[in-house]
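Student: Those protein sequence lines, which keep their order, are chains A and B. Numbering of the first sequence is given in my numbering, commencing with residue -14 and proceeding in unit increments. Numbering of the second sequence is given in my numbering, commencing with residue 230 and proceeding in unit increments.
FYI, nobody ran anything at the bench for these hints, they're computed from the structure. No false leads were mixed into what you were given.
Restraint-style ranges between C-beta atoms, simulated for each label pair: (1) Asn302(B) <-> Lys25(A): 17 to 27 Å; (2) Lys299(B) <-> Lys53(A): 35 to 45 Å; (3) Thr3(A) <-> Pro312(B): 34 to 44 Å; (4) Gln65(A) <-> Thr325(B): 32 to 42 Å; (5) Ser(-5)(A) <-> Met256(B): 27 to 37 Å.
For lysine-lysine, the following DSS-like pairs were computed, each having C-alpha atoms within a straight-line distance of at most 30 Å: (6) Lys52(A) <-> Lys(-12)(A); (7) Lys238(B) <-> Lys26(A); (8) Lys26(A) <-> Lys243(B).
Just so it is clear, CB atoms sit at the ideal spot from N, CA and C, and this is done for glycine as well.
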Amino acid sequence: EDKVVQSPLSLVVHEGDTVTLNCSYEVTNFRSLLWYKQEKKAPTFLFMLTSSGIEKKSGRLSSILDKKELFSILNITATQTGDSAVYLCALWGAGGTSYGKLTFGQGTILTVHP
Amino acid sequence: NAGVTQTPKFRVLKTGQSMTLLCAQDMNHEYMYWYRQDPGMGLRLIHYSVGEGTTAKGEVPDGYNVSRLKKQNFLLGLESAAPSQTSVYFCASRRTAPGYGYTFGSGTRLTVV
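Take these sequences, add in the hints, and give me the full structure.
Tutor: Here it is as structure tokens:
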């Protein structure tokens, strides 16, 4: 069974801080690792990572995948109150019984205080 | 607007009642998914479908059934609702081609009393 574990489960910071969210997994055969941000309703897509060592960047957010050590990190620099959300990591399975499946971690709740 | 539409948005059921949640997408996506989200548990996959007429079990399929008779619709059924099925349910869809993310519906909040 594919397993995705996120840490920390919750994090409280002040505006301007930099945070690093972690996602580790126990799946060797997968297509992509995805990051989502969830505020009040449905998750919204942030990044899709397929190759190891290549950083993806979008404004103050960046993410990288390490396929050797089986983890990914999501960095947010100069945090703002609007970054407060649940951040979800998910794996898209490659083949066999994982074909087509998107397995999520339990999420990290980020709270940014003014 | 193109996207994933879930109905209903809210529902309260009594224990033992049955209901069907509808997910409809107009993007011609092959893959469709049903997830439930509980506090501290992330999103857990209930059932999914890799094409019209196909369905497969996810992590937590017990107590649920699904059908994908038409490509655009994916139905989730609860035959005899239980309080443990109180949750927020999300439907998602995606294309077959790699490099694309998933599109989520806005969710259905179900309470079983």
